[in-house]
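Chains as they are written, first to last, in numbering that gives the first Met the number 0: chain A, 0 to 309; chain B, 0 to 225.
The hints are simulated quantities; they were obtained by calculation from the structure and are not laboratory data. One should not assume that every hint holds.
Have a look at the derived ranges for each label pair, beta carbon to beta carbon [to be verified]:
no. : chain 1 : residue 1 : chain 2 : residue 2 : range
1   : A       : P252      : B       : L211      : 54 to 64 Å
2   : A       : P64       : B       : R90       : 19 to 29 Å
3   : B       : C53       : A       : E294      : 36 to 46 Å
4   : A       : I190      : B       : D196      : 30 to 40 Å
5   : A       : K92       : B       : G204      : 17 to 27 Å
6   : A       : E254      : B       : E199      : 11 to 21 Å
It should be emphasised that the depicted structure is a prediction, and the values quoted were computed from it without experimental measurement. Beta carbons are placed, not taken as given, at the ideal position from N, Cα and C, and that holds for glycine.
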Amino acid sequence: MKSYKIKPISSSEITHPGLFYARRKFMQMAGGATLAALMPSTVWANEKLSASHNATYNLKDELTPYKDVTTYNNFYEFGTSKEDPANNAKGLKTRPWSIVVDGEVNKPKTFAIEELLKMAPLEERVYRFRCVEAWSMAIPWIGFSLNELIKRVEPTSNAKFVEFISLHDQEQMPGQKSSVLEWPYREGLRIDEAMHPLTLLTMGLYGELLPNQNGAPVRVVVPWKYGFKSPKSIVQIRFTEKQPISSWMQAGPNEYGFYSNVNPNIEHARWSQAKERRIGEFFKRETLLLNGYAEEVAQLYGGTDINSYF
Amino acid sequence: MVMRKKLHSCTEAQISIAIFDRMSFKNLSDKTFARLKVIVFLLALFPIVKLVFCAYLDILGANPIEKITRTTGYWTLLFLLVTLAATPIRRLFKWLWVIRLRRMLGLFAFFYGCLHFLTYLILDQFFDWEAILKDLIKRPYITVGFLAFVLMLPLAITSSDSMIHRLGGKRWRLLHRLVYVTAIAGVVHYWWLVKKDLTEPTIFGVVLTTLLGMRFFLWNKNRHAH
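All chains, please: the whole structure from these sequences, using the hints.
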């Protein structure tokens, strides 16, 4: 039998993934609507994602510009400075992608991203987004209530908490080479918090698929909690009986609690949370209790002293 | 590259002798020093020029106030460390002229420190005295940062030749040891304010410890020699 020697492909011949996707994007765009070509800022824009606007979740505030939402990010998987994610996340491969849903559920299942996108009608909701660092944004997210997914897996009576686990892949996420946090990034919610209609399983923003630096392809947004409680690039959702320990709780137990509800009356260990700077504005704003969602979610905390939830 | 290859062909000692003979780094002529001073002055202005330029073009990012605060703070610390490096460099390499740059470098540290403080006062807090007072009392990183800034004031005020004469060398030197407190307080300020990534504060801390350690070592050696 004749054996063939296959010449190994030298690394110089392999197209850089960033370039590969850039080309692909370019082809998609060229093949797509000329409308896209007419908009100068959409060279790097993601695929469009249509959703019906949900008027219940609207803000009087002006939206934070797309550019700021997509270039000022805390996503330590791609570096600790705010510009790092936009620069370093271009190579993140978001297809194929799936989320393993397991733990205390009757019907554990792995959901492909395509399936998630079709699971429930996509809604656009404008939420306030308040970072623990005392800055904030107003962002038009696209997704649907996380409870749509939760209902499908039927949590057992033991399911008291939900843990979210983000992608762990040093090759794609260079920031994970640093031990600034313990990887993978983990976050958690109490089951009733996760079931609350405000808690959004998010796959897009500003009318398009989530940009990589904003947590593509799928994340959770919990608008009444500090931003780090809204995990990105999720690969696993686990239902547990015990309260999970999040990456930030591990990093600073006296600075970051499990609940971490937005609360102007509870100071961070090192700075005040009474005010915030809305990105794009000069004067600081007063921070609202539960980030302005007290009416909807205060009852989760028994209407009692919200300040006792750290 | 060619240059480096050539250099490799002769011994290290030969090279250093050759270089030092040509350039006489130990003692610069007045003309050379004057030129060098202008170059250092212009280089030291670069961060603020860049900042103003980027502000004008509106390319300071989504949170320009944070960017300005960070940049001015960074350069304050950097110039403090460079200023503190003057004495060890003079002692180690016998570059006497380095000390003649020290005042200018120190004043640049003060200059960036002022910008940093004013950024906080005006851009960040916009004269919200109540919030500022709270910050000062309750936030250790603000307290220590403010201390670092305040201690720079007497040093800047007494930096002129006439002030040195008025105070007398001994008292002037004693007063200017405050710069050690400022530098330590400045690094601690940075250390305490970062959320999680301590890389940069650590680098500043290591450099400062080295610089102060060298002083201690030289001082100790001197003491034993006498």
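K92(A) paired with G204(B), Cβ distance criterion 17 to 27 Å = violated (39 Å)
Indicate whether the distance between the beta carbons of I190(A) and D196(B) respects the range 30 to 40 Å.
-> For D196(B) against I190(A), whose Cβ atoms are near 33 Å apart, the range 30 to 40 Å holds.
Range agreement (Cβ of E294(A) with Cβ of C53(B), hint 36 to 46 Å) | For C53(B) and E294(A) the Cβ distance comes to about 42 Å; the hint holds.
Measuring from beta carbon to beta carbon, are E254(A) and E199(B) in 11 to 21 Å?
-> holds (19 Å)
Do the Cβ positions of P252(A) and L211(B) conform to the proposed distance bound of 54 to 64 Å?
-> At roughly 33 Å between Cβ atoms, L211(B) and P252(A) fall outside 54 to 64 Å, so the hint is violated.
Is the distance from the Cβ of P64(A) to the Cβ of R90(B) consistent with 19 to 29 Å?
-> 54 Å Cβ-Cβ, so the 19 to 29 Å window is violated.
Hints 1, 2, 5 from the list above are not met by this structure, while the remaining hints are.
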